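Note that the protein sequences, when read in sequence, are chains A and B. So the first sequence is numbered by my numbering: it starts at 31 and just counts up by one. So the second sequence is numbered by my numbering: it starts at 9 and just counts up by one.
Read the hints as simulated data drawn from the structure, not as lab findings. Model, not experiment: these values are computed from the prediction. Some clues are possibly wrong.
[Claimed, not checked] The calculated DSSO-like cross-link candidates involving lysine-lysine, where the alpha carbons are at most 30 Å apart (straight line), are:
#1 K176/B <-> K21/B
#2 K21/B <-> K162/A
#3 K256/B <-> K104/A
Letter by letter, the chains look like this.
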Amino acid sequence: MIKVDSLVKTYPASKGNPPVKAVDGVSFEIAKGELVGLLGPNGAGKTSTVKMLCGLVRPDAGRIYLNGQDLLAKRSMALAGVSAVLEGNRNIYWRLTTRENLEFFTALNGQDPKTLVSQIDHYLQFFNLSGKANVEARQLSRGMQQKLAIAVALISGSQVVLLDEPTLGLDVQASYEIRQLLKTVVTEEGRTIVLTTHDMNVVQDTCERVVIINEGRIIADELVKNLLDLFRVRVYRIVIQGALTDEQRSALANIPAVIIESESPEQTSLSVRLEDSSVLYEVIGVLGSGNSLIESIDQEQNNFERIFLELVEGGGHSA
Amino acid sequence: MREKLLLLRAFFKMEFITFRRYWMNSLGGMLTLYVIFLVLFGGYQGLRSLGGVEGDPAEVIVVGYVLWFFMLSTYQDVWYTIRTEAQQGTLEQLYMSIHPFGWIMGAKVVARFFINLLLVAILLGAALFTTGVTLNLDLLSLMPVLIGTLLSSLGIGFLIGGITLMFKRIDSYTQMVQFILIALVALPADRVLWMRLLPGSYGATLIRNILVDGATLWGLGVGNLAMLFAIGLLHLAVGYGVYTLCEKKAMFLGMLGHY
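If we strip away everything but chain A, and leave its shape as in the complex, we get (with noise of 0.2 Å):
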């Protein structure tokens, strides 16, 4: 559905400033019915890849693929199934109405908006915008303007939707409101959906797959659950009654997978970092010796954010 192949875009330097290789050699393909995330911090050249996808960014070397038609090369055939939202709620025309903006961007689009009356109120519904529809979209909220446009996206019935950070500046509700619709989507109408965002609890919420790109390169290609599988390093915390003997503290300070977090006359917080799991017997073997007293031993939640970090920081992952 989508093949990205040596992708590679230089900005020129201007205004002083030097220029910008804002995607250096990625490649990638996203079959039919995918929801992939392209997470990446700022500047990491996912909308600058996204836009190339759109044929508004000409790249400087590699090629695109769109439903087997080369976008160089057929701009409009390749373009033809694919729909986008680049700006967020800018997307959509402010002085129109929400039913207005459908209708418009259905003609536009080439189909008769009177013969997809139903279509049309079908998303009105399903975007929970039906009550709406005859209001202009500059008084609608942010969240609901982010729904039209990503309604508008897929009126058009095109089988390719590209998303640059749909969540972006939403409130914790329509932001959740967005992606539980965007993987209905998937699963309902069986669409790509690409997504970027640099809310890792976006990709972890919404995609089964992410691609990492920091610094113009691919750095990770995965699916999120093996993601968080690789990169599952159990931590524990232990909490113990009163404070550490020295000679405790002497003797933790030797096992290097410990962290003592707080200590106080009254309590004290470790935590363990389990690469091997003879580190915890030995631990606790640490703190029986003084006769500590056990409170608690949880395990932290692995998490995506630290994954990322981890990634970023480390310069990557071979999928």
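Following the hints, put chain B in place on chain A, whose structure we already have.
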């Protein structure tokens, strides 16, 4: 073809809705133009009565002013649309549609032409009523010449639109165009032949011939009409060519939708 008609219908609907919804804004703009016309016309008549100026009769002033407004509106329909769409974030959506951008702007311009026609009719009616001037309103002769004249305005619109894509905030420079258009409409292209090559000048002359001197389309001659359309199409081609170059450069620099 069906898709092109749907596109045209969509822009007609959008323009009509926007015009109807923001009619107070449009009316305010028209009132401002009417007041400016009154000041200009009053000043001109005052100077004439004092013997300070000689030359064009009142009819020519009315025709020149209304034609200037039509040319300005048409030029702005292209340039201002490109600027606004880039500013509000919808330009990239238009570029991703199934239609080439030239077709999209064409549909927009055709839809806007009829809105402009309505506004010009109101302004002209008010100007004629106030000044007592009478004109030969032969619409069958007038419309083809008007369209040939406005082709040049479209060319200027694309040219400035292209420059806007590249350099973004150039509004203070684009304001000069409205004054240049005044000069172009007023140039004596009937007497100085090379001036016919300038945007709008020859068309303005032919329109004056129809409205003031009572000429008909056939009376203007096929050769003159052909020259008018050739000059208009040349300006449009040059303007669109510059726009296309700027568009390619903007895509290379990744700044198509930025504003």
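Exercise for review: Hint by hint, work out which the structure violates, then give me just those numbers in ascending order.
Suggested key: No hint contradicted; all consistent.
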